[in-house]
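Participant: Chains as they are written, first to last, in my numbering: chain Y, 1 to 80; chain D, 1 to 80; chain W, 1 to 233; chain H, 1 to 578.
Simulated from the structure, these hints should not be mistaken for lab results.
Check the hints yourself; a few may be wrong.
As the list claims (entries may be wrong) - Cut-off 27 Å, straight-line C-alpha distance, at most; resulting in silico cross-link-like pairs (BS3-like, lysine-lysine): (1) Y:K10 / H:K209; (2) H:K319 / H:K190; (3) Y:K10 / H:K292; (4) H:K209 / H:K319; (5) H:K50 / H:K332; (6) H:K319 / H:K292; (7) H:K292 / H:K332; (8) D:K40 / H:K498; (9) Y:K2 / D:K2; (10) H:K332 / H:K319; (11) H:K22 / H:K62; (12) Y:K10 / D:K2; (13) Y:K10 / D:K40; (14) Y:K40 / D:K40; (15) Y:K2 / D:K10; (16) Y:K40 / D:K2; (17) W:K229 / W:K132; (18) H:K50 / H:K22; (19) H:K209 / H:K281; (20) H:K209 / H:K62; (21) H:K57 / H:K281; (22) H:K281 / H:K22; (23) D:K19 / Y:K40; (24) D:K19 / Y:K2; (25) D:K2 / H:K209; (26) D:K19 / Y:K10; (27) D:K19 / D:K40; (28) H:K498 / H:K57; (29) Y:K2 / Y:K40; (30) H:K319 / H:K281; (31) H:K292 / H:K190; (32) Y:K40 / D:K10; (33) H:K190 / H:K50; (34) H:K209 / Y:K40; (35) D:K40 / Y:K2.
What the hints assert, rightly or not - Which stretches of chain D does chain Y cover? Using the computed rule of at least three CB atoms under 8 Å from a CB of chain Y, they are: (36) 22-28; (37) 39-50.
Small disclaimer: the values here were computed from a predicted structure and weren't measured.
Beta carbons: idealized from backbone N, C-alpha and C, even for Gly.
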Amino acid sequence: MKIRVNVMLKEGVLDPQGKAIGHAFEVLGFSNVGEVRVGKTIELEVDTADREAAAAQGEAMARELLANLVIEDFAVEVAE
Amino acid sequence: MKIRVNVMLKEGVLDPQGKAIGHAFEVLGFSNVGEVRVGKTIELEVDTADREAAAAQGEAMARELLANLVIEDFAVEVAE
Amino acid sequence: MKAGIVLFPGTNRERDMAQALRLVSGRDPVMLWHRDTSLPQLDLVVLPGGFSFGDYLRSGAMGAHSPLMREIRSFAERGGHVLGVCNGFQILTEAQLLPGALLRNAGMRFLAQEHFLRVETADSPFTRDWSKGDVFRAPLAHGDGNYTAAPDVLDRLEAEDRVAFRYVSAQGQDDAADRRCNPNGSQRSIAGVLSENRRVCGLMPHPENLVDPDLGATDGVPLFSSLVKSLVA
Amino acid sequence: MSMTVNAELAARFGLSAEEYQKVLDIMGRVPSLTELGIFSVMWSEHCSYKSSRVHLKTLPTKAPWVIHGPGENAGVVDIGEGLAAVFKMESHNHPSFIEPYQGAATGVGGILRDVFTMGARPVANLNALRFGDPSLPVTRRVIDGVVRGIGGYGNCVGVPTVGGEINFHPAYNGNPLVNAMTVGIARTDKIFLSAAAGIGNPVVYVGSKTGRDGIHGATMSSAEFDEHAASKRPTVQVGDPFTEKLLIEACLELMATDAIVAIQDMGAAGLTSSAVEMAGKGGVGIELDLDKVPQRETGMTAYEMMLSESQERMLMVLKPERTETARTIFEKWDLDFAVVGVLTDTARITVRHNGRTEADIPLAPLADEAPLYHRPLVHTPPPGRIGIVADPVGIEHALLTLLACPDLASRAWVWNQYDSGVGGQTSRRPGAADAAIVRVEGTRRGLAMTTDCTPRYCQADAHAGGAQAVAEAWRNITATGALPLAVTDNLNFGNPEKPEIMGQFADAVRGMGEACRALDFPVVSGNVSLYNQTSHPNGISTPILPTPAIGAIGVIEDVTKAVGLAMPEGCELVLIGE
Ligand SMILES: Nc1ncnc2c1ncn2[C@@H]1O[C@H](COP(=O)(O)OP(=O)(O)O)[C@@H](O)[C@H]1O
Numbered sequence: 001m002k003i004r005v006n007v008m009l010k011e012g013v014l015d016p017q018g019k020a021i022g023h024a025f026e027v028l029g030f031s032n033v034g035e036v037r038v039g040k041t042i043e044l045e046v047d048t049a050d051r052e053a054a055a056a057q058g059e060a061m062a063r064e065l066l067a068n069l070v071i072e073d074f075a076v077e078v079a080e
Numbered sequence: 001m002k003i004r005v006n007v008m009l010k011e012g013v014l015d016p017q018g019k020a021i022g023h024a025f026e027v028l029g030f031s032n033v034g035e036v037r038v039g040k041t042i043e044l045e046v047d048t049a050d051r052e053a054a055a056a057q058g059e060a061m062a063r064e065l066l067a068n069l070v071i072e073d074f075a076v077e078v079a080e
Numbered sequence: 001m002k003a004g005i006v007l008f009p010g011t012n013r014e015r016d017m018a019q020a021l022r023l024v025s026g027r028d029p030v031m032l033w034h035r036d037t038s039l040p041q042l043d044l045v046v047l048p049g050g051f052s053f054g055d056y057l058r059s060g061a062m063g064a065h066s067p068l069m070r071e072i073r074s075f076a077e078r079g080g081h082v083l084g085v086c087n088g089f090q091i092l093t094e095a096q097l098l099p100g101a102l103l104r105n106a107g108m109r110f111l112a113q114e115h116f117l118r119v120e121t122a123d124s125p126f127t128r129d130w131s132k133g134d135v136f137r138a139p140l141a142h143g144d145g146n147y148t149a150a151p152d153v154l155d156r157l158e159a160e161d162r163v164a165f166r167y168v169s170a171q172g173q174d175d176a177a178d179r180r181c182n183p184n185g186s187q188r189s190i191a192g193v194l195s196e197n198r199r200v201c202g203l204m205p206h207p208e209n210l211v212d213p214d215l216g217a218t219d220g221v222p223l224f225s226s227l228v229k230s231l232v233a
Numbered sequence: 001m002s003m004t005v006n007a008e009l010a011a012r013f014g015l016s017a018e019e020y021q022k023v024l025d026i027m028g029r030v031p032s033l034t035e036l037g038i039f040s041v042m043w044s045e046h047c048s049y050k051s052s053r054v055h056l057k058t059l060p061t062k063a064p065w066v067i068h069g070p071g072e073n074a075g076v077v078d079i080g081e082g083l084a085a086v087f088k089m090e091s092h093n094h095p096s097f098i099e100p101y102q103g104a105a106t107g108v109g110g111i112l113r114d115v116f117t118m119g120a121r122p123v124a125n126l127n128a129l130r131f132g133d134p135s136l137p138v139t140r141r142v143i144d145g146v147v148r149g150i151g152g153y154g155n156c157v158g159v160p161t162v163g164g165e166i167n168f169h170p171a172y173n174g175n176p177l178v179n180a181m182t183v184g185i186a187r188t189d190k191i192f193l194s195a196a197a198g199i200g201n202p203v204v205y206v207g208s209k210t211g212r213d214g215i216h217g218a219t220m221s222s223a224e225f226d227e228h229a230a231s232k233r234p235t236v237q238v239g240d241p242f243t244e245k246l247l248i249e250a251c252l253e254l255m256a257t258d259a260i261v262a263i264q265d266m267g268a269a270g271l272t273s274s275a276v277e278m279a280g281k282g283g284v285g286i287e288l289d290l291d292k293v294p295q296r297e298t299g300m301t302a303y304e305m306m307l308s309e310s311q312e313r314m315l316m317v318l319k320p321e322r323t324e325t326a327r328t329i330f331e332k333w334d335l336d337f338a339v340v341g342v343l344t345d346t347a348r349i350t351v352r353h354n355g356r357t358e359a360d361i362p363l364a365p366l367a368d369e370a371p372l373y374h375r376p377l378v379h380t381p382p383p384g385r386i387g388i389v390a391d392p393v394g395i396e397h398a399l400l401t402l403l404a405c406p407d408l409a410s411r412a413w414v415w416n417q418y419d420s421g422v423g424g425q426t427s428r429r430p431g432a433a434d435a436a437i438v439r440v441e442g443t444r445r446g447l448a449m450t451t452d453c454t455p456r457y458c459q460a461d462a463h464a465g466g467a468q469a470v471a472e473a474w475r476n477i478t479a480t481g482a483l484p485l486a487v488t489d490n491l492n493f494g495n496p497e498k499p500e501i502m503g504q505f506a507d508a509v510r511g512m513g514e515a516c517r518a519l520d521f522p523v524v525s526g527n528v529s530l531y532n533q534t535s536h537p538n539g540i541s542t543p544i545l546p547t548p549a550i551g552a553i554g555v556i557e558d559v560t561k562a563v564g565l566a567m568p569e570g571c572e573l574v575l576i577g578e
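Build out the structure end to end from the sequences listed, making use of the hints.
Facilitator: This is the structure:
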């Protein structure tokens, strides 16, 4: 089963990457762009046929490794 | 309108980050994990009410800056 | 040799590069600002190391879109000589003035260590003061130096003798699968490449940090003396 | 948490009942929340040095080559040829335990700002690190993050990391130490200080925008670290080395003009401490209009803005006619620039927000009546005699064991993540000599630098340990052929309210002072980090080992004469000393 974990900085935490990209858009002439936030996507295969088990495992993997809960939030999606 | 651009390394390009995470999962005891791929998510606001215009702009921003088409693919989503 | 060094916000090895050019060529380079919209009369444009725009999206990606890069592209198209070191190499690939791309180091860590390079061709304005097969020391200082390109691109680079430098062991052995020889995991151990007309060169290591006998090493001198020979008519 | 100002809230902000009573006396009324916040950070251990000041005063700080000793953002010493070395060490211990990468990274950022604030271009970073038991997973996670964070920040700003030290001991399990040191070079006639002057002069904010980062970091870092830390957890500050690099270049560019009257970085307790210190030192009043402060988030209160610890920000007083010159420079570097206030003749700090006065405090009593404690102390009993040690294993085995132990094993895996060559002046990188050597650009001179401390010596005998740390730093510099010049320190200890800890502190400082006097090696800057303790589930709280980390610099007139560790072939080994 395919899992996708999205990791984003928490609301209120400074996002230097987003800030720099937002600035680059201005330079490139995209003048109508508001706040930019950058996150990570981790896609992986887990060997199980059970959607719920897959979701639970994705959650466990995010907590243990993929997200730094001090500054990041995450969301787990299980693909169809 | 809120746009999300997902950027992933192309199929066939070796992903050092994904490989390192895959290895870490093994160490942590998640033994049923297949290939891991890591990508970036860029979320941003564009000041337009037109979904199609927003999608087209997201595509342009990805081509010009957010993705390096030599090694990366991208997908644009416009949020509801 | 009249050289210009491009400054992006976040560039940090411009002083090192200026010092090397001054020591070897006897002439002060001019400093160029990324927002400039014209280039002065120059023999050589150098993109130095650093973290242009923080390297926050991809190393070199935002720098490649600076206004001055348009001028540098047409300078290169007119046959001008361009050297990109470290972040400069990354910018040149992002701007597609050189083929390929630089991924995260295979070990996922920043590498800041002395290492060895082998000169793969002496047939270029950047390498003529070396002989093919020479091995020299050069410091590495990068997080994204893992060179990659499609297999047909790599084949073509080799067929056209456009691989300038390879990572090797102190004894000069290359082994792409062995991190002791090829520390960042680059494909085919490639550390530096040349453009089709051989006048644009990019490499990850820092020869500019090994040119001063007072600091104990001169391994990087031939890069600069080659350029002086080639560009001082 | 309820934000009604009373003794209970004051206690939660770290003010004792007595201290709160002093606040009431000074104000003649119940302070506003913002005012209470200002008092609590200014009177925190971190900003006021209330437990340590009486001891620090005994350290020698003068020598003919000292230009500025303690009291400025960093120490300044003359290194010849019209140049000065500007240097200091500072801790970021608690943030580095909460979030190792960002904690260490922002520690490096903070100490860099202390140095370039004075007009110096930073030329080298060093660090002194202590971690817990290396076999614990948490230690591995912390050390990995700290090392990456130091590298991530230093490599990006382009300041070489040239030296440091690492020790391990279970006493640091829940409280690692991350001490960062920066050395910069300035012209002796171009040193910038923080005392504000000129009634009516504009107060200018530059750098990054203000967010809700690390509110109450200064009081947090002075509070004992316990298992409730998670719930007190402030929003972690994220470092932005790219912005710092722009800030360095923009400030140095502005410093080449004559626009700046005074300048101060926003460190712990950001806007509060920078505004209070600049105005206080200059004996003037300051009025801030928070509506003008560049803000990253919406709806921030005056309290939040005054206490925010957002990184990469500076406060300056400019000559009014040069404000536009300054604005042009900061805009060129894509940095925020805003006139946020003005110097007044009221000798008060007033803070306005949304048309209301949120704080109005007389500056003199805020500084003069800051608490100062002669805390009770007991000395550590002298260690017993060790006697003759039996040798049960044989010298070869003993040697191999020593070489393999984490405290002595190669640190190459650490310094191979730090760019030690950027700048093109590094003459001796980590591992090459007893002290690192960086050439002074444009001269043949070199600066030698080192950090040293052996905490287990200090544990056994704080007085001898303090002296030994100074002596080791002096020897490391001397061994390269350089002349030792001056010292910065970072005094990391446990809870000063415990007499045994206070005894360690006092004795270590006394030992340091004696060694510094004997070696003509003055202390020109430093930092104190107390309350380095870990609470265990059973309610017991244990201190770290006493760790007075010493950073030191020296000068060698010709870098090509410097001596390293590598032994050339055919030389003889000579032992000097007992
Ligand atoms: N945290 C660190 N950062 C950078 N360099 C370090 C660090 N720790 C140790 N080093 C370097 O490693 C070398 C050996 O360190 P150490 O064993 O403490 O040496 P010494 O006992 O001679 O001071 C020194 O050059 C030192 O500067």
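Participant: If a hint holds in the structure, say so; if it doesn't, say that too.
Facilitator: Verification of the supplied hints:
1. Y:K10 / H:K209: 17 Å, holds
2. H:K319 / H:K190: Judged against 27 Å, a Cα distance of about 16 Å means the pair holds.
3. Y:K10 / H:K292: 26 Å, holds
4. H:K209 / H:K319: 23 Å, holds
5. H:K50 / H:K332: Roughly 42 Å separates the two Cα atoms, so the pair is violated.
6. H:K319 / H:K292: 19 Å, holds
7. H:K292 / H:K332: 20 Å, holds
8. D:K40 / H:K498: Between K40 of chain D and K498 of chain H the Cα gap is close to 50 Å, so the pair fails against 27 Å, i.e. violated.
9. Y:K2 / D:K2: 26 Å, holds
10. H:K332 / H:K319: 20 Å, holds
11. H:K22 / H:K62: 34 Å, violated
12. Y:K10 / D:K2: 17 Å, holds
13. Y:K10 / D:K40: 16 Å, holds
14. Y:K40 / D:K40: Holds: K40 of chain Y and K40 of chain D sit about 4 Å apart, inside 27 Å.
15. Y:K2 / D:K10: This hinted pair holds, its Cα atoms lying about 17 Å apart.
16. Y:K40 / D:K2: Answer holds: K40 of chain Y to K2 of chain D is near 17 Å, not above 27 Å.
17. W:K229 / W:K132: 17 Å, holds
18. H:K50 / H:K22: Holds - the C-alpha atoms of K22 of chain H and K50 of chain H are around 15 Å apart, at most 27 Å.
19. H:K209 / H:K281: 26 Å, holds
20. H:K209 / H:K62: At roughly 39 Å apart (the allowed maximum being 27 Å), K62 of chain H and K209 of chain H break the hint.
21. H:K57 / H:K281: 19 Å, holds
22. H:K281 / H:K22: Roughly 22 Å between the alpha carbons, so the hint for K281 of chain H and K22 of chain H holds.
23. D:K19 / Y:K40: 15 Å, holds
24. D:K19 / Y:K2: 17 Å, holds
25. D:K2 / H:K209: 23 Å, holds
26. D:K19 / Y:K10: It holds: about 26 Å lies between the C-alpha atoms, which stays within 27 Å.
27. D:K19 / D:K40: 16 Å, holds
28. H:K498 / H:K57: 21 Å, holds
29. Y:K2 / Y:K40: This hinted pair holds, its Cα atoms lying about 16 Å apart.
30. H:K319 / H:K281: 18 Å, holds
31. H:K292 / H:K190: 30 Å, violated
32. Y:K40 / D:K10: 16 Å, holds
33. H:K190 / H:K50: Given that 27 Å is the threshold and the Cα spacing comes to 32 Å, the pair is violated.
34. H:K209 / Y:K40: The hint holds at about 24 Å.
35. D:K40 / Y:K2: 17 Å, holds
36. 22-28: holds (count 4)
37. 39-50: holds (count 10)
Violated hints, listed in ascending order, are 5, 8, 11, 20, 31 and 33; each of the other numbered hints is respected by the structure.
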